[in-house]
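Undergrad: One-letter residues, chain by chain:
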Amino acid sequence: MTRVVVDPLTRIEGHLRVSTEVDANGVITDAQSSGMLFRGMERILVNRDPRDAARFTQRVCGICPTAQSMASVNALDDLYEVADQIPKDALVTRNIIQAINTMASHATHIYVLWGPDLVNPAYRNLLATVEGTGSAVWKEFLSRFAPISYKMDGASVTPGTAYINAIKEKKDLEQAMAVIGGKMPHQMATVAGGVTYRPNLADVGTLTSHYYKLMDFVNSTTLGVDAQTWLDNTYRASSPQKAVNFLLEHLQNLVDKSLSSNNFSYSAGWGDLELISAFGSELIGEKTLGLPASFKIDRTGGYGEDSNVGYLTYGVFYDVENGDGYDAVGFGQSAFQKAAFINSSFEKKAFDHKYVTEETSHGFYTSDDALHPFDGVTDPVTTASDITYEGGSDSRYTWIKAPRYNGTPCEVGPVSRLISMDEPLTTGLMQAFADNGYSAVNSFTRMIAKAQELLILSEQYLKWVTVDLDPAGKYYVDPDLNNAKDSKGIGLWEAPRGALGHWVKAGSDLKITNYQMVVPTTWNCSPRDANGVAGPLEQSLIGTKISAAENALGVDNTNPTGILHTARSFDPCIACAIHTIDLTDRTATPRTFTIV
Amino acid sequence: MEKSENHDFLNMNRRTFLKVVGAIGASAFLGIHSSKITKALELSKTKIIWLHGAECTGCSSSLLDGGNPDLSQAIEKLSVDLAFHETLLAQQGIFVDGSPASTSELNSEILLDEAIEEGNYVLVVEGSIANGPEGSGKYCMYGERTFKDIFAKAASNATAIMAVGMCAAYGGVNSADSDLKDITDFRGVAYLNEDSSKGMLSILGINKPVINIAGCPAHPDWILLTLAAVILGKIDINNLDAVLDTYKRPVVFFPTDNSMHDNCPRRGYYDRGILDEDLSGEGCLLKVGCKGPYTRSDCGLRRWNGSVSMCTQAGSPCISCCEPGFPDVASPFYDMIEDKPLAYGMNVGTMSAIGVGAASLGVAAHAARRIVFDKYAEERKKKEEE
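Chains as they are written, first to last, in full-length UniProt numbering: chain B, 1 to 596; chain E, 1 to 386.
Take the hints with a grain of salt, since some may be wrong.
As the list claims (entries may be wrong) - Chain E stretches covered by chain B per the calculated footprint, using a threshold of three residues with CB under 8 Å from any CB of chain B:
| # | stretch |
| --- | --- |
| 1 | 57-65 |
| 2 | 82-94 |
| 3 | 149-157 |
| 4 | 202-215 |
| 5 | 299-310 |
Hints were generated in silico from the structure; no laboratory data involved.
Predicted, not measured: the structure shown is a model, and the values here were computed from it.
Idealized CB from N, CA, C, for every residue including glycine.
Go ahead and model the full structure; you've got the sequences and the hints to work with.
TA: So this is what it looks like as structure tokens:
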């Protein structure tokens, strides 16, 4: 056994350690995911004016601050009993800025955080074994996805065109956000009662122009076909099979044209999504299209047959067609992307937040009961020697708690949301993987779902801006602050990375007595629970291979691309995951803490 | 713009230089002076090591939102070698059976150690530094060591340190009031909130030139222009007092003699006494908690995200995210300050006593502002004399 540790896993938000045991065949046999920072954010919220939570919780994460403030204002609207009165145009505006946040976050993740792994030197070596085609394909990957300050064999590599374009697009989307929110990161518009900004007609024009800039990016970089054509044939396909067939026929046409000429450029129709789909996936590239090599990313990050993982989404984006207000608790049933719990056999069940629990039997805390966020209690260790990451799977090894849905660890994020929506391309690819002996959800599925969701949301964004938003409408109702007295609120939402819930309680002095957040990366990068069941990231590593393309060039523990692809495919956000701890009763002796 | 172009910035004295770049913004500056910068930089590259402690990566995200030219072009134009940045670089920490594996081209920890060893770099810190529990720093670790140790090593060998954002500069949201605060014990690089004796450098006994770029997040112009000024030698890192205020913020962005309120896009409403009572209006936000009069930043002039907007323009009260002691100096964010001690130890209790009508409220805010800034007028005068 060899111990292979990636620490820090860079190109994510925050500090994550992934520790694995690897056998002589290069197969990962054990894994632990560790959040490395303890921050104490929720604790800071206790005794404050609840309205401040929408600003404080943004500071949990600079990548998805808008989502944090959205979950927060949902909880505050519930707390102040104004949820059912939030004006429709405030809901539309909130939808618009969340859509922008998700699109910007996805573009950043795909290209700036995840993409650079495609130019790992292992793939240069792999492609070098394929005469002619190999070097042409490598040239494409390197010229598109190389990150900033990249060096190979001592020589500097120019940053990739797709990488640079994505940074520009991210910047452009955040400008659109600033139109409404004043600035980004940490926009200011989302408040209890609605939004602070009333977009005017000129803003509608500006927001629309940002959609067309996004389409320029998508059509010049991401896709080799028009985005509309793509969505008509995938998102709007009449069956999952038809969506997959469209993708495969489209790729086959490209391959037929390019294999003889060895031209895999943008001008030959190879958008990034096509290039990654063909050369990233073994099933699509090698087994279906007959390519001579692939990165086999679909062999990483999947779940074994005896794994125990569900897929969870709370639902996101208000159903604005129905006018003012929303139902804080039943919100997910009417959302554009609906709430669901999907079990490991992919059976969809109704979601009920009461089944959400968290516990800390493997975290650096001293109490271990599995409790609903409204009731969770725990104490952090305060002795330096208690904090050690070397103890293995049976020890305490992380600051991340273990959330469970009715006892089941859950993957959250774009895949879960798109399964819930019955999105044809995602479910079709999952079926194809399952039929061919692959894990239906793997690192490749996660990335395709992410790109697909970006495209779906871009259309929806345009509709909200041009059809639903009424500059003459109403944007705010002033909450009666006295309604917070001994009240509580639930805010369910989806961050780009997955299910996000805020739970708030206020006391008789109208101040926060308890504020709890259960965030996406807490789900995905969860440690083991009291029953020894590993979290989704941990389970998705165990049984997979450590180095590039299923160890195609031999086992190389010093370049563990298997860990890198898998862990980054979850788009971890550790600052969110370890926001932790709040004091439920400041006067009790001994002190008790609530962690969420 | 034309006027800016006529400035020969290479021959400008430092003060004029900072005024010019402060006025025209990073994008215009780097665009207009592109060829001159290239000439000025026919020296070796300036190496940057950018570390992340307890933070949200919002300042890095803000940097990526930098103007035109964008970050990558700025790096090229300023001849910056971004030697280490956890969120952007290809590398990651890799340990096989406990030993660092591979080389600096794959392994971020080897890369970082080599870069520190070589020295001659500007250290940029994003995020505060955990000192807890028990002074161990183990509340924040990566690469098999505490961030406190990483910071100590990187700071010792740095030419100068830029603390970017409130967390790195003053502790920020990590150091907000709570019963847990003393246990986690987060520190800024050279400050804990307003206290310069409690920064991490003091704990470690390291003495280095420090520049604080305030803001939550820091504005990309503030980061890039300060970096440009350091690289071009327009900020003398051995005489920072000439360009920084008492909290080590560049005066050009965080002026001592006016507040955000002076250049607020909603200023006209204030002058006419139109003060909003809730968050639905378009008037002045003073009565719904705006801390603009107590916040020294050029947000009102510079604005955010390509000068599209800013907080008060979007109808939100300013939450004083550039002031040491943020967020506690501004919380509760949506209540007007009455008898709460404010930043700089000032008490504006008298303000609400005077304030019975809209007009007199305005007068009160001005009085408060004068109290804040009179304190700095003297400091500024002293500097001008130097």
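Undergrad: The structure should be examined with respect to each hint, and the outcome stated for every one.
TA: Evaluated hints:
1. 57-65: holds (count 8)
2. 82-94: With 12 residues in contact (Cβ-Cβ under 8 Å with chain B), the coverage given for the stretch 82-94 of chain E holds.
3. 149-157: Answer violated; 0 residues pass the 8 Å Cβ test.
4. 202-215: violated (count 0)
5. 299-310: holds (count 6)
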